[in-house]
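Number of protein chains: 2
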Amino acid sequence: MSSESDTDTEDEIARERLIELASDFYDQFAEGEVPTMEIPTRTKSNIVFDEDKDVWVYGDRTSTRSANSVRGAQKLLKAIYTIEFLADQLEQGRSSTLRELYYLSESWDEERAQFNDQDESNQLVEDLEIVSKVTREDFHMRPEESGATIMGPLYLREQTRRGEREIHCQKDVGEGGYQIPNNPDTIEFLDNDADFVLCVETGGMRDRLVENGFDEEHNVIIVHLKGQPARATRRITKRLHDDLDLPVVVFCDGDPWSYRIYASVAYGSIKSAHLSEYLATPEAEYIGIQPADIVEYDLPTDPLSDSDINALESELDDPRFQDDYWREQIELQLDIGKKAEQQALASRGLDFVTETYLPERLGEMGVL
Amino acid sequence: MSSESDTDTEDEIARERLIELASDFYDQFAEGEVPTMEIPTRTKSNIVFDEDKDVWVYGDRTSTRSANSVRGAQKLLKAIYTIEFLADQLEQGRSSTLRELYYLSESWDEERAQFNDQDESNQLVEDLEIVSKVTREDFHMRPEESGATIMGPLYLREQTRRGEREIHCQKDVGEGGYQIPNNPDTIEFLDNDADFVLCVETGGMRDRLVENGFDEEHNVIIVHLKGQPARATRRITKRLHDDLDLPVVVFCDGDPWSYRIYASVAYGSIKSAHLSEYLATPEAEYIGIQPADIVEYDLPTDPLSDSDINALESELDDPRFQDDYWREQIELQLDIGKKAEQQALASRGLDFVTETYLPERLGEMGVL
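Going down the list, the protein sequences come from chains A and B. Under the numbering used here, think of the first position of the first sequence as 67, with each following residue one higher. Under the numbering used here, think of the first position of the second sequence as 67, with each following residue one higher.
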C-alpha cells in the first residue's frame, strides 16, 4: 500500500471481515441455531495444487468448530473476544504480538475466554486468518522476530508510524543492509536498477556477496533469508517478483533442510497453505548448492546423517518436490551420501562463489 | 575508528602483531629451541576479577602449545598458515568468516596444515586473539550472523567498503531500525539526544517499545539484543556507554537464562574473558523482569522447570552474581518457583510497560 489512506482502507476491510464473522455467530444465535465456524482441514492430505495460481492450497475438506459442547463453546467464546480485541486494535491503528495477545487475555473480564497457553491463541489467530481471508499482518499482529535484510539497487518508501522514510538499499544503509519491517506491505517500491533477486540462506554467504560487490556488479537485490525465512521475508520476495517482474533465485546449503527453505519460498508450507497466494513465489528457482555441484566442483562435504537421509526420502514423497529435477538431485545425493554447505565454495578461494560458481549457474539458468 | 586512514592503521597494527607471533616461532627455531606458544588457561578456575577495570579476566595460569609432539607441531603449523592467511587478508583489506577459513584451508598446499573440523579452526582463531591481544574483528574475521538493531536519537557515521554512510537511527531508518554492522568499530558517533541506553532481549518487546514511541518520549537508544547478544551488539553497547557516557539498562525475561544474557552484556563470558575490556559494560544495570516484579505486579507466570532450578542454583555460585541484589532475587525466585516473560506485562494492557513499569523501575534506579 502506498499511502496512509490506503493503509486506513486496508485496516477498515480487515476490521469489517472480522466483524462479519462475529455477526455470523449472532445470526446463528438469532435463528436458534448452535453457532459453528467452518475451517479447511489443515493436513497434508488436504493440500491440493492450484494449477491456475501455481501454488499449493487447501482442498475441499473442512472441520467444524461448534458450540455444541462446553469445549467447543469456549473456543467460540475465545474467538469472539479475540475478534473484539483485533477490531479495536485496527480502529486505534495499533498492533501487538501473538504473545501479547495471549497475556492480554488475562485482563479480559470473562475468565472462560482467557487462553490456557500460547499454542491456543496462536492457533486461533491462524483460524481467523483462514476464515476471514485476512492475513495476520493485516490484523496488525506482529511476529516475535523478523530481522532479515536487503542489500541491492532498490529505492523504496516505507510507511512508518512516524511518517514516510525513503531509503535506497545500497546508498542509504550501512553494511548490514535494509532491515525488512514486520509488515512489508507498508513498503512502496519507487525505483530499481535490478536484474534479479538472490535469496541467500546464511549470513556468512550474504556478507561474502556484499563484500565482493556482487549486488553492484550484477544488479542484484540480495535478500538474506536467515535460515527458514520469516513471513515478512517471503512476502517481500514475492512482491519483488510480482511487482517488479524480477526473476528470483534461492541460494542455500546443499542439504535436505535447505531444500525445504527453498520450498517454503517457492511453494509455502502446509501450515500456511491458506497464505500461499500472499507468501509463495512459485517462479523462484533453486540455484544451489545442488548435489550435482558437490560432484562437479569437488566440494568439501560432511556425510549424510540418518535424519538427513530420512528427510531426503520424505522429500521424494513431498508434492513440492515432484519433478524430474528434484528427483534426480535427491537420488544423486542419497547415492553419494554427502552434503555441503554454501561456504564450502571457499575451498576454491574467497572469490570463487562470485567469479565462477554463481555466474556459471546463473548462465545455465538463463538469468545472467 | 573515524576515517579510512585510522582503519588502515588498525589493520597495520593487527598485521604486525600477527607477524610478530610468527617471528617468535622463527627465533625459537633459529636458537635451536622447540617452538612453543603460551596461552592463558581458559577454565572457570582461572578467571579473576580485575578490580581496576571492574571486569573478569584470565588469571596467571597458562597452558603451553609445544612442537615437542607430532600433534603439537601440527597445531603450530596450522597457526602459522592461519597467520599468513590473516596477514594477507589484512593487507588486501578483505575479510572472511570463521567457516570460510575452515574451508579455505582445504586449498593450502601443505595438507597437514588443513583443519580437521570447524571447532579446530574456531579454537585457533580464539587462541590467536588471546596471544596477539588483537580482536577477531580486527583480524577482519566476521561472525556468521550478527543482526541486532538500534532505534533511538543517535546520529552516526559508518565507514563501509563503499564509502561513508551517515545515518540517524530514527529519521533515516524504517521501523526495523539500524542494522548493527559486524564490526561496530567502523562506526563514529556524530551526535545524539539520548539520556540512556535500553537493551531489550526479545523482538516482541523491542517492537512494543518502538510502537509506543518510548525512544522518542524518553530519549532512549533501544538496542535489540535478540536473545544472547552477538559480539557486535555487546561491543556497540559498551561504546555507547563509554564514548557517550550514557547509562545502560538491560531488560529481559525473568528467568535464569535471561540473567545470563544480562551477565554477558555486563561482565562477558568465561569463553571470552580475554575480551572483557572490549565487550563488557560492567556499569550496565538489570532493570527486569525481576523475581520481585513477578510478586509486585502479579504477572502471569510459568512454573520453574528442573533445568531452570539448576541454572538458578548454579548462578548462586557464579562469580558474576555474587552480590546482595542477585542473591536476594535468585533466592526469591527459587522460593516462589515461578518465572515470567517480559511480554507478560501485557496482561496489564499494552501500554503498561511504557507508561508504568519502565518509568517506575527507571525512577527506582535513578536513571529517569
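Please note: incorrect hints may appear among the correct ones.
Each pair may be met inside one copy or between any two copies, as identical chains are not told apart.
[To be verified] Lysine-lysine pairs mimicking DSBU-like chemistry, simulated, CA-CA at most 35 angstroms apart: (1) K110 x K141; (2) K404 x K141; (3) K337 x K110; (4) K404 x K337; (5) K141 x K337.
Rather than coming from a laboratory, the hints here were simulated on the basis of the structure. None of the values given here were measured: they were computed from a predicted structure.
Now for the hints, and whether the structure bears them out:
1. K110 x K141: Intra 24 angstroms, inter 52 angstroms, cutoff 35 angstroms: intra-copy only.
2. K404 x K141: between (48 angstroms within a copy, 28 angstroms between copies)
3. K337 x K110: within (9 angstroms within a copy, 45 angstroms between copies)
4. K404 x K337: both (29 angstroms within a copy, 32 angstroms between copies)
5. K141 x K337: For K141 and K337, the Cα distance is within 35 angstroms only inside one copy (20 angstroms; across copies 49 angstroms).
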